[in-house]
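**Q** So the chains spell out like this:
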Amino acid sequence: MTGRLEQAPSEVAEPGGQFTAIRFENVVKRYTDFEALRGVNLEVSRGQLVTLLGPSGCGKTTLLRTVNRLIEPSQGTVYLNGQDVEKLDQVGLRRGIGYVIQSIGLFPHMTVLENTLVVPRLLGWDRAKRGARAREMLALVGLEPATYASRYPRELSGGQAQRVGLARALCADPPVLLMDEPFGAVDPPTRERLQDEFLRLQGELKKTVLFVTHDLEEAVKISDRICLMNIGQVEQYDTPAELLGRPKTEFVRSFLGPSRTLLRLSRVPLDGLVEPLGVRVPPFSVAQTAMARDAFSSLLAHGGRVVGVRDERGKVVGMVRLESLLQAASEDE
Amino acid sequence: MAPTLNPPPRQGEGHRFRWRLQPIALLAAGLGLVALLLPWLEVKSSRIAGGTFQGVWGWGSVWPLGLALLWLLVAITKGRLQGLLLGFSVLAWGLLAGQEAAHFLQGQSESARASLAVGFWLSLLAFYVGFFAAYRQGGLVSLVSLPVALAVLIVLGAFNQLGPIMELASWRDQFVAELWRHLALALTAVILSVVVGLPLGVLATRGAAFAWILPVTGFLQTIPSLALFGLLLPVLATLSQGVRLEVALAVLGVGLLATRLLWAAQGGLALLVALSLGLLALILGGVWLYGLLGPDGLHIALNAPLSESGVRGIGAAPALLALTLYALLPVVLNVYTGLRGVPEAAKDAGRGMGMSPRQLFWRVEFPLALPLILEGLRGAASLTIGITTVAALIGAGGLGFFVLRGVESGANDMVLLGAIPVIGLALVVDTGLRLAGLGLRRRLGIV
Amino acid sequence: MQSAWGKLWLVGLLWAGLFGLFAQQALWGHILSALFPSAQTPLFDRETLLSLSLQHLGITVAAGLLVILIGLPLAIFATRPLGAAFRPLLESSVAIGQTFPPVAVLVLALPIFGFGSTGAVLALFLYGLLPVVRGGLEAFSALPADVLEAASGMGYSPTQRLWRVEFPLALPVLLAGIRASLVLILATATVAPLVGGGGLGTPIVAGLAVSNLGFVTEGAVSVALLALLTDWTLTRLEAVLTPWRS
Numbered sequence: 001m002t003g004r005l006e007q008a009p010s011e012v013a014e015p016g017g018q019f020t021a022i023r024f025e026n027v028v029k030r031y032t033d034f035e036a037l038r039g040v041n042l043e044v045s046r047g048q049l050v051t052l053l054g055p056s057g058c059g060k061t062t063l064l065r066t067v068n069r070l071i072e073p074s075q076g077t078v079y080l081n082g083q084d085v086e087k088l089d090q091v092g093l094r095r096g097i098g099y100v101i102q103s104i105g106l107f108p109h110m111t112v113l114e115n116t117l118v119v120p121r122l123l124g125w126d127r128a129k130r131g132a133r134a135r136e137m138l139a140l141v142g143l144e145p146a147t148y149a150s151r152y153p154r155e156l157s158g159g160q161a162q163r164v165g166l167a168r169a170l171c172a173d174p175p176v177l178l179m180d181e182p183f184g185a186v187d188p189p190t191r192e193r194l195q196d197e198f199l200r201l202q203g204e205l206k207k208t209v210l211f212v213t214h215d216l217e218e219a220v221k222i223s224d225r226i227c228l229m230n231i232g233q234v235e236q237y238d239t240p241a242e243l244l245g246r247p248k249t250e251f252v253r254s255f256l257g258p259s260r261t262l263l264r265l266s267r268v269p270l271d272g273l274v275e276p277l278g279v280r281v282p283p284f285s286v287a288q289t290a291m292a293r294d295a296f297s298s299l300l301a302h303g304g305r306v307v308g309v310r311d312e313r314g315k316v317v318g319m320v321r322l323e324s325l326l327q328a329a330s331e332d333e
Numbered sequence: 001m002a003p004t005l006n007p008p009p010r011q012g013e014g015h016r017f018r019w020r021l022q023p024i025a026l027l028a029a030g031l032g033l034v035a036l037l038l039p040w041l042e043v044k045s046s047r048i049a050g051g052t053f054q055g056v057w058g059w060g061s062v063w064p065l066g067l068a069l070l071w072l073l074v075a076i077t078k079g080r081l082q083g084l085l086l087g088f089s090v091l092a093w094g095l096l097a098g099q100e101a102a103h104f105l106q107g108q109s110e111s112a113r114a115s116l117a118v119g120f121w122l123s124l125l126a127f128y129v130g131f132f133a134a135y136r137q138g139g140l141v142s143l144v145s146l147p148v149a150l151a152v153l154i155v156l157g158a159f160n161q162l163g164p165i166m167e168l169a170s171w172r173d174q175f176v177a178e179l180w181r182h183l184a185l186a187l188t189a190v191i192l193s194v195v196v197g198l199p200l201g202v203l204a205t206r207g208a209a210f211a212w213i214l215p216v217t218g219f220l221q222t223i224p225s226l227a228l229f230g231l232l233l234p235v236l237a238t239l240s241q242g243v244r245l246e247v248a249l250a251v252l253g254v255g256l257l258a259t260r261l262l263w264a265a266q267g268g269l270a271l272l273v274a275l276s277l278g279l280l281a282l283i284l285g286g287v288w289l290y291g292l293l294g295p296d297g298l299h300i301a302l303n304a305p306l307s308e309s310g311v312r313g314i315g316a317a318p319a320l321l322a323l324t325l326y327a328l329l330p331v332v333l334n335v336y337t338g339l340r341g342v343p344e345a346a347k348d349a350g351r352g353m354g355m356s357p358r359q360l361f362w363r364v365e366f367p368l369a370l371p372l373i374l375e376g377l378r379g380a381a382s383l384t385i386g387i388t389t390v391a392a393l394i395g396a397g398g399l400g401f402f403v404l405r406g407v408e409s410g411a412n413d414m415v416l417l418g419a420i421p422v423i424g425l426a427l428v429v430d431t432g433l434r435l436a437g438l439g440l441r442r443r444l445g446i447v
Numbered sequence: 001m002q003s004a005w006g007k008l009w010l011v012g013l014l015w016a017g018l019f020g021l022f023a024q025q026a027l028w029g030h031i032l033s034a035l036f037p038s039a040q041t042p043l044f045d046r047e048t049l050l051s052l053s054l055q056h057l058g059i060t061v062a063a064g065l066l067v068i069l070i071g072l073p074l075a076i077f078a079t080r081p082l083g084a085a086f087r088p089l090l091e092s093s094v095a096i097g098q099t100f101p102p103v104a105v106l107v108l109a110l111p112i113f114g115f116g117s118t119g120a121v122l123a124l125f126l127y128g129l130l131p132v133v134r135g136g137l138e139a140f141s142a143l144p145a146d147v148l149e150a151a152s153g154m155g156y157s158p159t160q161r162l163w164r165v166e167f168p169l170a171l172p173v174l175l176a177g178i179r180a181s182l183v184l185i186l187a188t189a190t191v192a193p194l195v196g197g198g199g200l201g202t203p204i205v206a207g208l209a210v211s212n213l214g215f216v217t218e219g220a221v222s223v224a225l226l227a228l229l230t231d232w233t234l235t236r237l238e239a240v241l242t243p244w245r246s
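Chains as they are written, first to last, in our numbering: chain A, 1 to 333; chain B, 1 to 447; chain C, 1 to 246.
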């Protein structure tokens, strides 16, 4: 199974040019007193990061957990790589999927290294290979193996523990990651750092990621596509820009709320808005690689109507005007 | 998909394995039926002789068949009906045992006995399991048939021919006296352990100077009870022969004063003096309280060795001291845990309203810790009732007397005459205090 | 972890020392004669102290092994979906059983198992079962839910999850139950000579019967030392086996 999923996406010819990694088909989950999922249809393309977003109780976690069969749907089918997950061996299925949860669930009786190599061990990798792989993974998530490998979870901070959780999920190189509010329990600065690092990792590894969050900003920051859910149904499934720009239903509009301008700006690269420098060089500047939101914040913080744009050497090479920022934010509305 | 379509049930990890029949009731019926295959009685020519084991089928009675049928019905019913059927089973069980005993003792000499054998006991276990199953489905009502059936059996005299009851008949007066002794010993020890344990538990929460209290009481409980009795014997023997009562009282009085003076100057030494004085006071107080409560009367003899006042190397004095020390751990531990568990917010609120430390303790901390303290009392009480049985070994009497004499003479029925009431007492006291604790929690609104 | 194992040698040394002390028959004789000059034979003379203490340890270990071999599977069974139906029964039986006085349990075994050390071991086993089953039920039902979910989500099969995750995590509470059980068995075994079981209670019971304080002291001191060392050993073992706890 792993082998098939590891095919390069370009080899697969399908509408949209991408292979569908996860597909939900009319998934319903009924409990005795309520319906958690009311017929969800959703496709997640290979190598994409899709967030399941919505208020608590909207069914996003339930939907996530149908993929590795921690929850069995009452009706409907979940396909992983074209195969009905119900027909796959439960244990084998789970070993092929990385799983990260908010409370992390590190095994307190295992060291950081042992925690990391759990799945390779279950898969029967040989000792040397899995040890090396686990160390590599720890280094990848920014934990120096020499320092951390032999620590126990109780000796870690929240952010460190969450990194171990990520390393553990990635260790057997699963093509698919399920992440259930993985950064929900850490303080905001740490969360932001973890998000940045995760984005960097995702850029390298190109996993198919299904990511549950209730944090709109987080979803907008990291997603290729966002699936906004409410009371067990998909309200809108779109790219962040589309979702922010063209909310399809009243619920989506109210969920996005007044913060939409800023959020939209956080998706807009500065590049397209930069104009050549005028006579005067603006007194403050932002990096060329920044997002429009950073320029906007900078303007709000300093006052004024123009902000400079500097290249990687710190030289101011252009400027952005407030008007163009506002226009970018209101575009398509 | 059509909404009326029922999804096929899926067997996931979270699903409970479902049984068609009630597994617990099946277990009960199985035990009851197996019991019918085993011997119920051991018929002996005298109370200490070896005997022959007798099953329930061999003597031409139809009762066993009825009981077997009842067990089969119990297996397939539920709740109140099951409880009713179990009541009939109890009735059949008692009548069967009684009849069988009468059958085999007929024509034998006066001294012949019918002792209880494994099938009889296994039936009891089956009833416990069965009533448990019925209670789970039918609530308290399903238990009503049990006391009714037992009352009927007693009125009919069904048990009168069974070994332990015949023992009781021949030891009746002694039994009453030893029961009284047992209760008095246990009660005295529990009272003393609370009187001593409460302040110790409170002190244990007050800083590092008293950090030794919990380990020491824990250490005392690690020592086997018989060993503790044994270790106290020589100490008390020496004390009782060598010291006169007025000397002991004088030492106590002077010592108390000395401790108060010493306390300011030399805390550690004062503590040591206070502890030894406390032990002495405990011995005297225990013996006198027991004298008031027990059947043996209170003796106070001045101008004579302590042994004249009831403090001897063997007998009640070492037993009471050992029992008290033993019961300390549950009391101290629960007082400590209870006070530690009082929410900081409640204490802060009290302080904020201007309570003095003393008022804070009595109006806030103590009431909130009370349920756990009661729990400690329960632990101490059921522990003490059990261990008091061992006290018979050092001549203190109590129900252990029958156990000891029975074991020595090889009369198992006599052993049971001691052991069964001890178990009954422990269960009653434990249940009673458990219910009291529950009531208290309800009143405090904790549950 | 290394240092924790290192501390076990001290435990071994103390055990060797204790039994070395039990083997000094003559020394005990001298000390007890000095303490109780009036007694003719202050030292129990029917059996050596060493053999009594070995008997005592033997009874305790035999009953303790039975307890672990039966009690743990019972607790594990009742905390699996298959055995869940029996769990309330087991819980209530344990609660009731624990109010049974140990001595009563020992002598109740008499009519069923008869006189001798087999009966004593079986009775002690039944009584010692209670703390282990209770601890086991508690241990296996108080495991952190997130850890269990993570384990399932990562692809542990139910059996693997039990042995590699649940069991090690339950170990602290399990070991505390086993310690309570063994100390209880060892203490109750002191009364075993009453039912023909032998052990260190023998000189105590004999000494009480003939008012020989020397016998009583010999047995009482020895069994107290044995109990304390057993308790301490198991406490150390708990620390060594669960190095991941603070």
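No lab work stands behind these hints, which were simulated from the structure alone. C-beta atoms are modelled at their ideal positions from N, C-alpha and C, and glycine is treated no differently. The reader is advised that the hints may include incorrect statements.
Not close to chain A: a few residues of chain C, all C-beta gaps over 12 Å, as computed [as the list claims (entries may be wrong)]: (1) Lys7; (2) Leu8; (3) Ala16; (4) Ala23; (5) Leu27; (6) Leu35; (7) Leu54; (8) Leu66; (9) Ala95; (10) Ser141; (11) Leu169; (12) Ala176; (13) Trp232.
Chain C regions said to be covered by chain B (calculated; three or more residues, Cβ under 8 Å) [to be verified]: (14) 82-93; (15) 102-109; (16) 178-188; (17) 203-215; (18) 220-229.
According to the in silico footprint, chain C covers these stretches of chain A (three or more CB under 8 Å from chain C) [as the list claims (entries may be wrong)]: (19) 203-209; (20) 273-287.
**Q** Does Leu35 (chain C) sit more than 12 Å from chain A, CB to CB?
**A** For Leu35 (chain C), whose nearest Cβ neighbour in chain A is about 50 Å away, the distance exceeds 12 Å, so it holds.
**Q** Is the coverage entry for the region 102-109 of chain C by chain B consistent with the three-residue Cβ rule at 8 Å?
**A** Our answer is that it holds, as 5 residues pass the Cβ test (under 8 Å) against chain B, meeting three.
**Q** Can you confirm whether chain B covers the region 82-93 of chain C, using C-beta to C-beta distances below 8 Å and requiring at least three such residues?
**A** holds (count 8)
**Q** Are at least 3 residues of the region 203-209 of chain A within less than 8 Å of chain C when you compare beta carbons?
**A** Violated - the region 203-209 of chain A has 0 residues with a Cβ nearer than 8 Å to chain C, which falls short of three.
**Q** A cut-off of 12 Å on Cβ-Cβ distance, and Ala16 (chain C) was said to be off the interface with chain A. Does that hold?
**A** holds (31 Å)
**Q** So is Leu27 (chain C) really clear of chain A, every C-beta pair being over 12 Å apart?
**A** holds (45 Å)
**Q** Beyond 12 Å from chain A, beta-carbon-wise, is Leu66 (chain C)?
**A** holds (27 Å)
**Q** Find the nearest Cβ of chain A to the Cβ of Trp232 (chain C) and say whether that gap is larger than 12 Å.
**A** holds (24 Å)
**Q** Classify the label on Leu169 (chain C) as holds or violated, using whether its beta-carbon is more than 12 Å from each beta-carbon of chain A.
**A** At roughly 6 Å from the nearest Cβ of chain A, Leu169 (chain C) sits no farther out than 12 Å, so the non-interface label is violated.
**Q** Are all beta-carbon distances from Leu54 (chain C) to chain A longer than 12 Å?
**A** holds (36 Å)
**Q** Is it correct that the beta-carbon of Lys7 (chain C) has no partner in chain A closer than or equal to 12 Å?
**A** Given a closest Cβ separation of 18 Å, the condition holds.
**Q** Taking a Cβ-to-Cβ distance below 8 Å as contact, does the region 178-188 of chain C have at least three residues touching chain B?
**A** holds (count 4)
Consistency note: the structure conflicts with the earlier hints numbered 11, 19, 20.
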